[in-house]
Amino acid sequence: MKIRSLLIANRGEIAVRIVETANKLGIKTFGIKTSKEPNALYLRLVDDVIDFSGTVEEIPEFLDIERIIEAARLNKIEAIHPGYGFLAENPYFAQRCEEEKIIFIGPSPSAIYKMGNKTIAKQLAQKNKIPLLQGSQGNVKNSREAAEIALKIGYPVILKAAAGGGGRGMRIVEKASQMDKMFKMATGEAEKAFNNPAVFIEKYVRNPRHIEFQIMGDRHGNYIHLGERECSIQRKHQKLIEESPSVAIHEDLRKEMGQAAIRIAQSVEYYSAGTVEFLLDADKKYYFMEMNTRIQVEHPVTEMVTGLDLIEMQIKVAEGKKLPLKQEDVTLKGWAIECRINAEDPQTNFSPNLGIIEKISYPKGKSIRIDSGIANFSVVTPYFDSMIAKLIVYAETREKAILAATLALKKFWIKGIKTTIPFCLAVMNNKKFIRGEFNTSFIEKDMKKLYYNERDDELLAAYVAAFDFAAELETDRTTKPNFERGRDISPWVLNKRLKSL
Amino acid sequence: MRFYKSRSKPENEYIAVSPDEHKFVINNPFSEQTRINGHKKEIRIYEDEDGFNYLEYKSKRYLVEIIEKIQNKYTVLLNGVSYSFTIESPISFTRRKYLEKQKQTSKFEIISAPMPGKIIELLVEENSRIREGDSVLILEAMKMQNEIIAQTSGKVKKILVKAGDNVAKEEALMEIEK
Amino acid sequence: MDVNGKLFTRFLERARAYQDQQGEAAIEKQHMKGKMSARERINMLFDEDTFDEVDAFSMSDDTTGEFGKKVSAIGDGVITGYGKISGRLAFAYAQDFTVMGGSLGSVHASKIAKIQDMALKMGAPMIGLIDSGGARIQEGVASLAGYAGIFNRNVGSSGVIPQISIIMGPAAGGAVYSPAITDFVFMTNKTSYMFVTGPNVVKEVLNEDVTFEELGGAIVHMKKSGVAHFVYEDEENTIRGVKKLLSYLPSNNLENPPLVEYCDSEIRIDERLRDIIPEDPNKPYDMKDIINLIMDRNSFFEVSSDYAQNILIGFGRLQGKTIGILANQPKVLAGTLDINSSVKGARFVRFCDSFNIPILTLEDVPGFLPGIDQEHNGVIRHGAKLLYAYADATVPKITVILRKSYGGAYCVMNSKNLGGDFNFAWPTAEIAVMGPEGAVSILFRKKLMESNDPVKLKKELTAKYREEIANPYVADDKGYIDEVIDPATTRKKLISAFEALENKHVNVPSRKHGNIPL
Chain A
0 MKIRSLLIAN RGEIAVRIVE TANKLGIKTF GIKTSKEPNA LYLRLVDDVI
50 DFSGTVEEIP EFLDIERIIE AARLNKIEAI HPGYGFLAEN PYFAQRCEEE
100 KIIFIGPSPS AIYKMGNKTI AKQLAQKNKI PLLQGSQGNV KNSREAAEIA
150 LKIGYPVILK AAAGGGGRGM RIVEKASQMD KMFKMATGEA EKAFNNPAVF
200 IEKYVRNPRH IEFQIMGDRH GNYIHLGERE CSIQRKHQKL IEESPSVAIH
250 EDLRKEMGQA AIRIAQSVEY YSAGTVEFLL DADKKYYFME MNTRIQVEHP
300 VTEMVTGLDL IEMQIKVAEG KKLPLKQEDV TLKGWAIECR INAEDPQTNF
350 SPNLGIIEKI SYPKGKSIRI DSGIANFSVV TPYFDSMIAK LIVYAETREK
400 AILAATLALK KFWIKGIKTT IPFCLAVMNN KKFIRGEFNT SFIEKDMKKL
450 YYNERDDELL AAYVAAFDFA AELETDRTTK PNFERGRDIS PWVLNKRLKS
500 L
Chain B
7 MRFYKSRSKP ENEYIAVSPD EHKFVINNPF SEQTRINGHK KEIRIYEDED
57 GFNYLEYKSK RYLVEIIEKI QNKYTVLLNG VSYSFTIESP ISFTRRKYLE
107 KQKQTSKFEI ISAPMPGKII ELLVEENSRI REGDSVLILE AMKMQNEIIA
157 QTSGKVKKIL VKAGDNVAKE EALMEIEK
Chain C
1395 MDVNGKLFTR FLERARAYQD QQGEAAIEKQ HMKGKMSARE RINMLFDEDT
1445 FDEVDAFSMS DDTTGEFGKK VSAIGDGVIT GYGKISGRLA FAYAQDFTVM
1495 GGSLGSVHAS KIAKIQDMAL KMGAPMIGLI DSGGARIQEG VASLAGYAGI
1545 FNRNVGSSGV IPQISIIMGP AAGGAVYSPA ITDFVFMTNK TSYMFVTGPN
1595 VVKEVLNEDV TFEELGGAIV HMKKSGVAHF VYEDEENTIR GVKKLLSYLP
1645 SNNLENPPLV EYCDSEIRID ERLRDIIPED PNKPYDMKDI INLIMDRNSF
1695 FEVSSDYAQN ILIGFGRLQG KTIGILANQP KVLAGTLDIN SSVKGARFVR
1745 FCDSFNIPIL TLEDVPGFLP GIDQEHNGVI RHGAKLLYAY ADATVPKITV
1795 ILRKSYGGAY CVMNSKNLGG DFNFAWPTAE IAVMGPEGAV SILFRKKLME
1845 SNDPVKLKKE LTAKYREEIA NPYVADDKGY IDEVIDPATT RKKLISAFEA
1895 LENKHVNVPS RKHGNIPL
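Protein chains in written order, with this note's numbering: chain A, 0 to 500; chain B, 7 to 184; chain C, 1395 to 1912.
So that you can see chain A by itself, here it is in the shape it has in the complex (with noise of 0.2 Å):
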C-alpha cells in the first residue's frame, strides 16, 4: 500500500528533514503545534497543521501517546513518523499506531522492546556471538548490587539507564566510594529522561572509538548494512561531530562488523532503519553496545557516502516494500563529516545559549548540506534539546571534507545565540583530529581550547566595544537638550500652574 499521509510527531530539523522527502514523494505531512515553539520553522514547512498549543497537558506534547493517536485518528493520517528522540523508540507507542491501524515508521514493537531493554539485546548479542563487555546479566537493584558486580570485574565501570540512549542516565565509576553517589544520579536521571529509574552495570573501556553501522532492513527478511559512521567526538557522550566512512575500520573489518551487525538485526526480525553502536579498542577489538532502533540524528554522513535516502527507504519498507538495493550494490564513496551546530557556548562549559535567532546566513556550496530547524527570528527555548541545525560537508577525501567543513564553518553566520560553531572549527583545525588519530576522550585530553580564534580577534573585538563607546559619549556630546523649549509654556498651562502653586 502506498502511504498518502503522515504525521510528524516531531519537531526541529528533523520534522524539517522528514518534510522534505515526504514532500518528494507525495505524502501530505502534518505537524503538531506546541504552546512552547508556536513559531517554529518545520510549521511553516508542513502542509497541515494540528494544534496542540491552546491545552498544556502533564505530558509533554510530543510525548503524549494518546494525544497523537487520537489526532492521527480525527484526521485521517495514515502513518506517523516518530523522528529521533521523543517516542521514537517507545514500543507502546508503536503498539498502540498497529492497533489503531496507523503506519507506525520503524520496527515493530517487539524489536523496539528488545533492543530497548539493555539486558534482552545483551542475551540477543551473546547468543549470536558478537563481542561484549562484561557486566551485570540484567538491572542492577541499588548501589551495593552495583558496587559488588563492579569489584568481580574491576573499575572502572559505566552505569547505564536501561531504557536509556543518549547520554543520559549515564555514570562512570572510578572507584568504589563514588558508587552510592553516581548510582543516585544514574537513576535519578533515568528516572527523569526516560521514567524508568533502572540501570545495569558494565565494563568501562577507556579511550574507545564509537563505531556504529547503519542497518536497514524489510518486512520480506532481506537487510544490509550501509557502512560505518565515526562518532568519537563526544562530550558527555553527547555527539557533536561524525564522520562517515571512519579511518580506523579498514575493509575487512567493515565487513566483519556489518555482519554482526545485519545479525543483531536479524535477531529481532528488525525492519526499518537501525543503528548498531559498537566501541572499538585500540586494538581494533569491537564491542557490541546497543543497537538504535531509528532514524538517527547522524543519518545524513550515510546518505551522502551512499547516496541514498534514508528516510525515503524507511518510508518504503514501511509501505511493505523490498529494498531497492543489494549489500554488493553499497558503495560507500567519498568522505562525509557532520557537525552539529548547538545553541551551547563552547566557552563557558557548553552550558545552553536561549534567545532569538536575530539572523542566520547558511554557507552555500555544492558539497555543503544544511538541515536546519531554525529560520530568522526562531526562539531557543529551554524546552527542547539545545541542537538548532546540522552541517554535513561532502569531499573525495577526509582532508578535503575537512577543509570544506572549515570554510563552510567560518561563513555559517547566526546572529542573536552563540552556538557551537567555534568549536567546531576547533576540531577542524586539530591536528590529531586532522590525522585521524582520535577516540572518545579527545575533547577532555586532545583540545586545550574548546573553541576557535586568530591572533588577531581579541583585539579586533577590543576596538569594537571601544568604537562602539566612543560613539556613544559622541552621542552624548552632540544630543543637546533645548532647555529654551522647556521655558516655552502656553499661557493657558502657566498661569493655571502658577496660580495652583
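If you're looking for bench data, these hints aren't it; they were derived computationally from the structure. It cannot be assumed that every hint is accurate.
[Claimed, not checked] Derived lysine-lysine pairs resembling DSS-like cross-links, with alpha carbons at most 25 Å apart:
id : chain 1 : residue 1 : chain 2 : residue 2
1  : B       : Lys79     : C       : Lys1617
2  : C       : Lys1637   : A       : Lys498
3  : A       : Lys180    : B       : Lys161
4  : C       : Lys1584   : B       : Lys163
5  : A       : Lys365    : A       : Lys321
6  : B       : Lys75     : C       : Lys1725
7  : C       : Lys1423   : A       : Lys498
8  : A       : Lys32     : C       : Lys1858
9  : B       : Lys75     : C       : Lys1637
10 : C       : Lys1423   : B       : Lys103
11 : A       : Lys75     : A       : Lys32
12 : B       : Lys66     : A       : Lys358
13 : B       : Lys164    : A       : Lys363
14 : B       : Lys161    : A       : Lys409
15 : C       : Lys1886   : C       : Lys1898
16 : B       : Lys164    : C       : Lys1887
17 : B       : Lys103    : A       : Lys191
18 : A       : Lys32     : A       : Lys358
19 : C       : Lys1858   : A       : Lys358
20 : C       : Lys1400   : B       : Lys107
21 : A       : Lys409    : B       : Lys103
22 : A       : Lys235    : A       : Lys448
23 : A       : Lys283    : A       : Lys202
24 : B       : Lys64     : A       : Lys363
25 : C       : Lys1887   : C       : Lys1682
26 : A       : Lys431    : A       : Lys332
27 : B       : Lys79     : A       : Lys191
28 : B       : Lys75     : C       : Lys1515
29 : C       : Lys1898   : B       : Lys103
30 : C       : Lys1637   : B       : Lys79
31 : C       : Lys1427   : B       : Lys107
32 : B       : Lys161    : B       : Lys124
[To be verified] Listed next, the stretches of chain A that the computed footprint assigns to chain C, with coverage defined by at least 3 CB atoms under 8 Å from CB atoms of chain C:
id : segment
33 : 52 to 64
34 : 311 to 323
C-beta: ideal position from N, C-alpha, C; glycine also.
Go by the hints and put chains B and C onto chain A.
Structure of chains B and C alone, referenced to chain A:
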C-alpha cells in the same frame, strides 16, 4: 572666582581591559589613524543589508555583534566567540589598578548557577563544611543533571534555594564562608 | 588698577595659595585612593570653563578648648559655585576629602547653604558631590546645626528644583539624610559608602563583623536598600550619568522638561510589538524590549535598575519630549506589586508630577504579591502610596494594558477611575477581578467538587472565563478603556495622545498638603 583651565586630555584614548587583564590601548577609534597598542590599524565597521555587522581588517571580513553592554562593560561576539572588556579612560584605568591592589579578599564566596535550570537535589546543608571540588547540588538543565562544584573550601553559610526551584543563570545558590 | 601694585599682589597671592592647596599633592592623595579631586570632579561636571566658584576663600571657624584645632585650609573643605551643564545653569558643591577628611564644619555648612539658597532663588538644579567623613567633631554642635540647615534647605527645595546627590566617598551618620531627601542618588562603586552607623558601631553594639562594602557599599544600596538610584564603576562614568539624567529634567517646577530636537521624530508602526507577548499567559517576557520599541531610539534611561525589579521606572522620550515610564516587569516575580516596588513606583510618580513630566504606565500585573511577610510588613499602607501618588498626580497620565490587569493592582496602576487621562489596552489584555483559575475555583467550587472530571471541567470553565470576562472588550464597552489598540501602532497612539494632553491642567483644592500614607 575662576580657577584652573581643564587639564588637557590625552588624545581620544580608550583602554579596553579583558577579564584576564589583556590590555588594548585604542587611540582615535573613529579616524583612519586609529592606533591600537601604538600600532596603526586600518579597520572598518559596517552593516550589510541583511542586518549583520561586519568588521573588515586586512581584507578579511569578521562577523561582529555587541551582545551585552552594561555601562562601560562590553561583551562582543566576533566570529561566534565572545570577548569581554571594560572600556576605561586613562584616569579610570589608574583607578582600576589602584582598586585591584586594594582588593580585599572577600570572606564570602557565592556559588551561582552557571546556567538556567531546576534544582534537583541539595547535597549539603547549612553550616556543613565543604572542601574545594565537593559537589554541593545538582542542577538540571536541558534534561541533563549537572553537579555544581564548590570552588573554595569553607562552611556553607546560607543556602538560598531549595529542591524544585527553577533558577536563572547567575542566580545565587549558596554562600560559602571561607 | 596697577596689576603690579600691592593690592593686586595680595589678590594674586591668595589665589596662588588656594591653587597650591588643591595642587598636585592634593590631587595625588585622592588619586592614590582611586578617586578624583573635588576640583577635577567639578571640571568634569560643568561645561568647559563655565564654573564660577563662590566663597573660595572662606576660612574655617576658630575653635578652642581641648579638641580645638586651628585649621588654615582655604575654603574649609568644600568648593561651591555655579556654571553650565549642557549649556544650562546649575549649582553645585563638591566636598574636598583632602581637607580634614571633607568634614563638615560651620563654615563648610554655610557655604553649602548659601549655594542651595542661590539655586532655589534662581530655579536651577542643585548638585552635591559628597566625599566627607561627616560632622567635624572639633566644632561640636555647630557642625550638627550646619547639617540641619542643609537638610532644611533640601526639604525646602524639594519639588521646586531637581536635587541630585553624587556619593563619591564616605557619607556617614547624619550626613546621609541630605542625599536621602534629594531626588536622585548616584554612587561610584567600590569607593563610596553610606550608612547611619558604621561597621565599628555595629561591632560594638551587636558584635557583628561587617565590612564597609557589605554594610553600605554602592551595590548594597543599589540592590538591597534602594537608597542609590544609579551606580557606576568609576567617577567619570558617574558624572556622565548625572549629565544624562539632567538632560531629561527641567530646571524647576514651573518649566517643562527640555526638548531634544531631531532625536527620533519617526512615527513608526512596529509589527514586532504584535508578537512580543507570549501566547502562554504565564510565560514571562522582558518589558524593556517593549519600552525600547515604543520610545525614541536609545532614549530609555532606567532608574533604580537593580532594586525591586518587578517594577521598571525610568525616563524616555517620545519625539524628543521627556516621558516618565512605569512598567510592570513580568520577568521578575511575574510583575506582581509588592512593598518595595510600590514604594519605588510611588516616589517616581511624585518626582514626575513635581516637574511636569508626563507619565506613561505599561501594565502587566497579575496582582499584589501574596504572603504573610508582605501583609505583616504593611503591603496595605505601602501599596497605598503608589495609589495615592497616581491619583494625586496632575501631569498627563496614560496607561497601556498589555496583558494582565487583575484586582486591586488594576485600580492602582493608573486606572481610568483613578484619574488616567487615556487608558489603552492591547488585544492581549486580561482585565478582571482575578485570574481565570482563581475565579473559577471560587465561583464554581461546588460544581467542581461534584464533578466526575473536575480537571476537565475547570479547564473548560477557565477557557469560558477568558472568553467572556478576562479580556479588554468588556472594559472597552463600559468606557474603562478608551480604546483597544493594535500593538504595532502604540508609539503613534501615544505620540498623539500626549500631544493632546500637553496643555492639561487640573484644579486641585487648596490645602497645605495631602496626607500621603507614609
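Evaluated hints:
{"no.": "1", "hint": "B:Lys79 x C:Lys1617", "result": "holds, 18 Å"}
{"no.": "2", "hint": "C:Lys1637 x A:Lys498", "result": "violated, 32 Å"}
{"no.": "3", "hint": "A:Lys180 x B:Lys161", "result": "holds, 21 Å"}
{"no.": "4", "hint": "C:Lys1584 x B:Lys163", "result": "holds, 24 Å"}
{"no.": "5", "hint": "A:Lys365 x A:Lys321", "result": "violated, 31 Å"}
{"no.": "6", "hint": "B:Lys75 x C:Lys1725", "result": "holds, 19 Å"}
{"no.": "7", "hint": "C:Lys1423 x A:Lys498", "result": "violated, 52 Å"}
{"no.": "8", "hint": "A:Lys32 x C:Lys1858", "result": "holds, 22 Å"}
{"no.": "9", "hint": "B:Lys75 x C:Lys1637", "result": "holds, 19 Å"}
{"no.": "10", "hint": "C:Lys1423 x B:Lys103", "result": "holds, 15 Å"}
{"no.": "11", "hint": "A:Lys75 x A:Lys32", "result": "holds, 18 Å"}
{"no.": "12", "hint": "B:Lys66 x A:Lys358", "result": "holds, 21 Å"}
{"no.": "13", "hint": "B:Lys164 x A:Lys363", "result": "violated, 54 Å"}
{"no.": "14", "hint": "B:Lys161 x A:Lys409", "result": "violated, 47 Å"}
{"no.": "15", "hint": "C:Lys1886 x C:Lys1898", "result": "holds, 20 Å"}
{"no.": "16", "hint": "B:Lys164 x C:Lys1887", "result": "violated, 50 Å"}
{"no.": "17", "hint": "B:Lys103 x A:Lys191", "result": "violated, 49 Å"}
{"no.": "18", "hint": "A:Lys32 x A:Lys358", "result": "holds, 23 Å"}
{"no.": "19", "hint": "C:Lys1858 x A:Lys358", "result": "violated, 39 Å"}
{"no.": "20", "hint": "C:Lys1400 x B:Lys107", "result": "violated, 50 Å"}
{"no.": "21", "hint": "A:Lys409 x B:Lys103", "result": "violated, 38 Å"}
{"no.": "22", "hint": "A:Lys235 x A:Lys448", "result": "holds, 17 Å"}
{"no.": "23", "hint": "A:Lys283 x A:Lys202", "result": "holds, 17 Å"}
{"no.": "24", "hint": "B:Lys64 x A:Lys363", "result": "holds, 24 Å"}
{"no.": "25", "hint": "C:Lys1887 x C:Lys1682", "result": "holds, 19 Å"}
{"no.": "26", "hint": "A:Lys431 x A:Lys332", "result": "holds, 24 Å"}
{"no.": "27", "hint": "B:Lys79 x A:Lys191", "result": "violated, 39 Å"}
{"no.": "28", "hint": "B:Lys75 x C:Lys1515", "result": "violated, 40 Å"}
{"no.": "29", "hint": "C:Lys1898 x B:Lys103", "result": "violated, 53 Å"}
{"no.": "30", "hint": "C:Lys1637 x B:Lys79", "result": "holds, 19 Å"}
{"no.": "31", "hint": "C:Lys1427 x B:Lys107", "result": "holds, 10 Å"}
{"no.": "32", "hint": "B:Lys161 x B:Lys124", "result": "holds, 24 Å"}
{"no.": "33", "hint": "52 to 64", "result": "holds (count 3)"}
{"no.": "34", "hint": "311 to 323", "result": "violated (count 0)"}
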